[in-house]
Amino acid sequence: MSGKPKLHYCNARGRMESIRWLLAAAGVEFEEEFIETKEDLEKLRNDGVLLFQQVPMVEIDGMKMVQTRAILSYIAAKYNLYGKDLKERAWIDMYVEGTTDLMGMIMYLPFQPADTKEKNLALIIERATTRYFPVYEKALKDHGHDYLVGNKLSWADIHLLEAILMTEECKPDILSAFPLLQAFKGRICNVPTIKKFLQPGSQRKPPTDEKFVAVVRKIFNI
Amino acid sequence: MSGKPRLTYLNGRGRMEPVRWLLAAAGVEFEEIFLETREQYEKLIKDGVLLFQQVPMVEIDGMKMVQTRAILSYIAAKYNLYGKDLKERAWIDMYVEGTTDLMGMIMYLPFQPADTKEKNLALIIERATTRYFPVYEKALKDHGHDYLVGNKLSWADIHLLEAILMTEECKPDILSAFPLLQAFKGRICNVPTIKKFLQPGSQRKPPTDEKFVAVVRKIFNI
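Going line by line, the protein sequences match chains A and B. So that you can map any letter, position 170 of the first sequence is 170 in the UniProt record's numbering, and since no number is skipped, the others follow by simple counting. So that you can map any letter, position 4 of the second sequence is 4 in the UniProt record's numbering, and since no number is skipped, the others follow by simple counting.
Calculated directly from the structure, the hints in this document are not laboratory data. Please note: incorrect hints may appear among the correct ones.
As the list claims (entries may be wrong) - As a list, the in silico PhoX-like pairs of lysine-lysine whose alpha-carbon atoms are at most 25 angstroms apart: (1) B:Lys-84 to A:Lys-84; (2) A:Lys-6 to B:Lys-87; (3) B:Lys-138 to A:Lys-64; (4) A:Lys-119 to B:Lys-64; (5) B:Lys-152 to A:Lys-78; (6) B:Lys-87 to A:Lys-84; (7) A:Lys-141 to B:Lys-46; (8) A:Lys-117 to A:Lys-171; (9) A:Lys-152 to B:Lys-64; (10) B:Lys-64 to A:Lys-84; (11) A:Lys-87 to B:Lys-4; (12) B:Lys-43 to B:Lys-211; (13) B:Lys-141 to A:Lys-64; (14) A:Lys-64 to B:Lys-87; (15) A:Lys-64 to B:Lys-152; (16) B:Lys-64 to A:Lys-138; (17) B:Lys-211 to A:Lys-87; (18) A:Lys-87 to B:Lys-78; (19) B:Lys-43 to B:Lys-152.
What you are looking at is a predicted structure, and each value in this text was computed from that prediction instead of being measured.
Just chain A, with the same shape it has in the complex (with noise of 0.2 angstroms):
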């Protein structure tokens, strides 16, 4: 056993993204173990090591830890990206959800019927130009430091920096009124393990095609 945290999922983004981004950020090396059959979860499942029957599961710490913000909270708090105190978590928690709320529906855009893809990519555009990067945008603006919380590099920063790529594949210049979160998105990226992550070769996974979308309704049979 290396000791690094395992990582179990499809090769792809889906709901281990975010897991992969805070660890690589973290500076934290580690496997991967692919589900590629419907085989391989039931494998999984029959082995007892998912505990809801649900990826994504991740061994981390003599621990077979599943449920997305469960893994994140547990990586964030070990590795110093949960903020000083019980407040300052409590403003990492707020930015956090709201992010993830915006990459979960660019999470399902492409699992979506075929005729309402505009419709839904449109409403991606308008909450994350109306009701998301706006708070951000402000947050920063109103302390004028260069993170979001207790001026120093946390989970709600890595987590922004992820939704603002995520959100650039959907329509480039996405950030065009936002330009505390451009020069953001220039510093996060130039965090040096966050650098080596952006770079091609490194763990990040690929946007979203309809191959992983097949891949995905065989395997979780949806």
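Given the coordinates of chain A, assemble chain B onto it according to the supplied hints.
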């Protein structure tokens, strides 16, 4: 200002009910403001008090907290219902995410099209009895303690009790195959703060009915 937390939501369970449970179980008195019209909701948005233009919102310790999970995590930590260390918190988070998924299915049931209700109800019962309750039954069996984590009452226990009662409303004998959960239910119902919350006249809200569905649709335009 009374210093008590103040909850802003509709006069119904919805996403605020676990917050009411947790505060009540922690012995914390709280006030409630009920949204009854769309105009009230729009005024809150215009006043800028809803970070992402959504409720639940809880005024607590000088913050206007939004996002149910962020609110619950803050309350749990503040009132020592979140375990004694990082690993206990990880287990509490995993267990709570499971009961959140189960209660989420039940929460959406009244909003589903009428012709899908029977199928969705059957799925809830299947998931409860094959995916979720076996996990908690096994946890209690494996360590033989009265509570899920750390031999001490935590958020996980309170959330599980709420989920049990909610699922029993779907099928009264849902715990028939889970003797330890039956005993657990009896024990946790008798925790003095929880016993009080379960009595008529408390701030616990009744099951969602057609009337509440109509109010939700009206206020949120869905």
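message: Of all the hints numbered above, which does this structure not satisfy? Sort the numbers upward.
response: 4, 17 and 19
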